[in-house]
Amino acid sequence: MLTVTTTLCKGQVTNARASAVNASSPRKSYWKVVRETAKSEADARLRLGLEQADLLIVKPNTKTRLGNHVGYRKIFPAMVTLHGGFELSPANFFESNPLLK
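Sequential numbering from 1 applies to the sequence shown in the UniProt record's numbering.
For lysine-lysine, the following DSS-like pairs were computed, each having C-alpha atoms within a straight-line distance of at most 30 Å:
(1) K63 to K39
(2) K39 to K10
(3) K39 to K59
(4) K59 to K10
Derived DEER-like restraints, expressed as beta-carbon distance ranges:
(5) P26 to K63: 24 to 34 Å
(6) T14 to K39: 18 to 28 Å
(7) K32 to R65: 19 to 29 Å
(8) D54 to R17: 15 to 25 Å
FYI, nobody ran anything at the bench for these hints, they're computed from the structure. Nothing here was measured: the structure is a model prediction, and the numbers come from that model. Glycine residues also receive a C-beta, built at the ideal position from the N, C-alpha and C atoms.
Kindly generate the complete structure, drawing on both the sequences and the hints.
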């Protein structure tokens with residue numbers, strides 16, 4: 001049996017002062033991503049609000065060479081679009097199939 005451990009992470013972009021990191025930098029501020037990891041299923045429930053957040057499903061035990069978490073990639077549907085005179089397409093999924101361009 002194959003078990004894959006995944007974690008839900010919520011990332012928010014915040015503004016940080018550059019003087020706290022590098023005093024010689026000509027920048028006054030920069031953007032920083034603050035990640036919150038859900039500890040339990042109750043924490044992973046979405047509370048919809050006005051704030052923007054980037055939701056990621058990651059594998060916490062594996063990292064890339066640069067040290068980033070490995071996330072799941074979006075796989076485009078590779079399906080026949082014309083069959084027997086009518087067009088097959090998922091509803092509200094993509095405007096066009098990027099693999100056919």
